[in-house]
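So the sequences go chain by chain: A and B.
Under my numbering, the final residue of the first sequence carries the number 190; numbering is consecutive throughout.
Under my numbering, the final residue of the second sequence carries the number 465; numbering is consecutive throughout.
Heads up, some of the hints might be wrong.
[Said to hold, decoys possible] Partial chain A-side listing against chain B, Cβ under 10 Å, derived:
(1) 6
(2) 12
(3) 99
(4) 102
(5) 112
(6) 165
(7) 170
Just so you know, the hints here were simulated from the structure itself, not pulled from any lab data.
Backbone N, C-alpha and C fix where the C-beta goes; we use that ideal spot for every residue, glycine too.
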Amino acid sequence: MSIDKKPVTFMLLAVLAIMVGTLLTTFIPLFVGTVVPDTDKVIPYKPLEVEGRDIYIREGCNNCHSQIVRPLPFETARYGPPSTLAESAIDRPHLWGSKRTGPDLARVGRKYPAAWHYQHMKNPQSIYPQSNMPAYAWLADAKLDRRYAEKKMKVLGYPYTTDDIKVLEGKTEMDALVAYLMRLGRELKP
Amino acid sequence: MANEIGYEYDAVKGFALSSLFWAIVGLLVGILISIQLVYPQFNLTSWLTYGRLRPIHTNALIYGFTVPAAFSLFFYLVQRLGRVPLAYPGLARFTLYIFNIAIVLAALSLFAGMSQSKEYSELEWPLDIGVVILWVLFSINIIATIMKRKEEQMYVSLWYILATVVGVAIVYIGNNIAVPVSLFKSYSAYAGANDANVQWWFGHNAVAFVFTTIPLAVFYYILPKSSGAPLYSHRLSIVGFWSLVFAYLWTGAHHLVYTPLPDWIQTVAIAFSIFLIAPSWASVINGYGTLNGQWEQMRSNYLVKFIVLGITFYGLQTIQGPSQAIRAFSALIHYTDWVPGHVHMGTMGWVTMTVSAGFYYMLPRIYNTEIYSIKLANLHFWLVLVGQLIYSVTMWITGIRQGAMWQAVDTDGGLVYANFIQTLTPNYPFWNMRTLGGVIFFAGFLVFVYNILQTIRNAPAAQRA
Numbered sequence: 001m002s003i004d005k006k007p008v009t010f011m012l013l014a015v016l017a018i019m020v021g022t023l024l025t026t027f028i029p030l031f032v033g034t035v036v037p038d039t040d041k042v043i044p045y046k047p048l049e050v051e052g053r054d055i056y057i058r059e060g061c062n063n064c065h066s067q068i069v070r071p072l073p074f075e076t077a078r079y080g081p082p083s084t085l086a087e088s089a090i091d092r093p094h095l096w097g098s099k100r101t102g103p104d105l106a107r108v109g110r111k112y113p114a115a116w117h118y119q120h121m122k123n124p125q126s127i128y129p130q131s132n133m134p135a136y137a138w139l140a141d142a143k144l145d146r147r148y149a150e151k152k153m154k155v156l157g158y159p160y161t162t163d164d165i166k167v168l169e170g171k172t173e174m175d176a177l178v179a180y181l182m183r184l185g186r187e188l189k190p
Numbered sequence: 001m002a003n004e005i006g007y008e009y010d011a012v013k014g015f016a017l018s019s020l021f022w023a024i025v026g027l028l029v030g031i032l033i034s035i036q037l038v039y040p041q042f043n044l045t046s047w048l049t050y051g052r053l054r055p056i057h058t059n060a061l062i063y064g065f066t067v068p069a070a071f072s073l074f075f076y077l078v079q080r081l082g083r084v085p086l087a088y089p090g091l092a093r094f095t096l097y098i099f100n101i102a103i104v105l106a107a108l109s110l111f112a113g114m115s116q117s118k119e120y121s122e123l124e125w126p127l128d129i130g131v132v133i134l135w136v137l138f139s140i141n142i143i144a145t146i147m148k149r150k151e152e153q154m155y156v157s158l159w160y161i162l163a164t165v166v167g168v169a170i171v172y173i174g175n176n177i178a179v180p181v182s183l184f185k186s187y188s189a190y191a192g193a194n195d196a197n198v199q200w201w202f203g204h205n206a207v208a209f210v211f212t213t214i215p216l217a218v219f220y221y222i223l224p225k226s227s228g229a230p231l232y233s234h235r236l237s238i239v240g241f242w243s244l245v246f247a248y249l250w251t252g253a254h255h256l257v258y259t260p261l262p263d264w265i266q267t268v269a270i271a272f273s274i275f276l277i278a279p280s281w282a283s284v285i286n287g288y289g290t291l292n293g294q295w296e297q298m299r300s301n302y303l304v305k306f307i308v309l310g311i312t313f314y315g316l317q318t319i320q321g322p323s324q325a326i327r328a329f330s331a332l333i334h335y336t337d338w339v340p341g342h343v344h345m346g347t348m349g350w351v352t353m354t355v356s357a358g359f360y361y362m363l364p365r366i367y368n369t370e371i372y373s374i375k376l377a378n379l380h381f382w383l384v385l386v387g388q389l390i391y392s393v394t395m396w397i398t399g400i401r402q403g404a405m406w407q408a409v410d411t412d413g414g415l416v417y418a419n420f421i422q423t424l425t426p427n428y429p430f431w432n433m434r435t436l437g438g439v440i441f442f443a444g445f446l447v448f449v450y451n452i453l454q455t456i457r458n459a460p461a462a463q464r465a
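Work out the full structure: start from the sequences and follow the hints.
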């Protein structure tokens, strides 16, 4: 018997071959303790930070910025201590990234004051004349869309009340993005 | 060539032309984002910023070019290799319309910034459902046609087609499980390191089942057909196929070397990445072996030229990729421009050259005509070859350069280039060279499209529909 004469058997065998590595390296680890860190150590995102993170995703910041510090001496010298599992434990999706056209941002919240980010986002070349980062001045004029704030909290399972979400009133997209950037590197409870 | 069997070519033609159209769009966006990397003033409006355009570039060329090219070539191959007409030609035409609507919506949604942020999986959940429906419609036709084939033994190309059908379905669905917040926004079902692990399991196997098994199916058909030489080794193709399909799924975490993902997952991925050299080179050796004693065809037969250069870049790609998985090498080049240099050798070299050979072979046959101009096909060949080499080589150089600058420490252990901007600006001349390479490649692609369109124009009126 030759399986290249039996398409259904052939496909089932292909699925089987595909599923071995898939289960062992990707889906079984979902339930293994070493990959599922203790989320109790993490400070849940505040409503403004959640909105800021969603703007980071919308603008595709992850196409040029990673958020992961490798345990290599030259890397920790530049960006701070190596990233830990716990720091991204509640991140859906993760934003580790794969390319550093710009620097890593995993600890950027500890590097600059918020005012620096406002200026840099508005006009990166005013700080680094040779920077290739696009200017995001228009975020400062865009009113934050609050319609889904409560739903987002529910889906993500963060413990915030309707009152907490009131903070979003009158905020711009820039406020949200900067609030998110200022959180980076401060994920864990003291 | 009489069509006594009643082969159905409408969808084959439609998908071929759709793929060429969306390729032009994707390549133009590629050139624009390449320019933006040096001249940020080209980020004209919010929906024309690099962060939104880069996913449009990748999605257009994966889902807008490579996937419909596969639909076209696979609908042709299952008919010819089974010696039966397509099972459901009406369904195939319907799939074509739905496909083009979906791609337009996908592009608009990415322009608007609707993104899941996961690379090559950016499309939001309603479009993910659309992609899955499209894939099911396509698979029904492929499987049903193979089931009723007249040729009992399935040729190697059909194995790779079946692997593509099941592989894409598994990895696409697996990575896109998400909880919707609104019609345009969702959150991944996975969190943190797990989300990263699932994402790169998908990411690397999108490479396996879109950029590998699709061109391999075409390669195994076109090489013997265009050269007239029988496949070098059937046994080698069996070993190559099963070990490839088995091993690819273990390798995704080589994208996550030195992250907090547990070391054993990284190490297993690195080991299987090295192993993958064997099945990859099984196809390379099969290709070279097939041409044993026939190498003068590299001068006389433009189809052989495309397919041999294609498989050669596949061979280089599958040495380079596993090398990059090794920790020491990854530490140097990961996060740098080396990686796009690597990817583009595969896409501009292997994938595009193989698909081009497939179209040059197939389209004149189904339009009952000859290729419009072999001279232009040769011009196309040289332009895409030179464009791709300029692109890849400049990216490798600047990637190594930037990686070395990030690592440089003085005798006190302090960073030599402490400010990131010092390591960024030396990229600019290389990125300008990349733009040049991209423009040359694009010019070659336009020659290709022109050649195909002229070929169709010269076809007998009855075939032109």
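Now for the hints, and whether the structure bears them out:
1. 6: 9 Å, holds
2. 12: 9 Å, holds
3. 99: 6 Å, holds
4. 102: 7 Å, holds
5. 112: 13 Å, violated
6. 165: This interface hint is violated because 14 Å lies over the 10 Å limit.
7. 170: With a closest approach of 21 Å, the residue 170 of chain A hint is violated.
Comparing the model with each earlier hint shows violations of hints 5, 6, 7; every other hint is respected.
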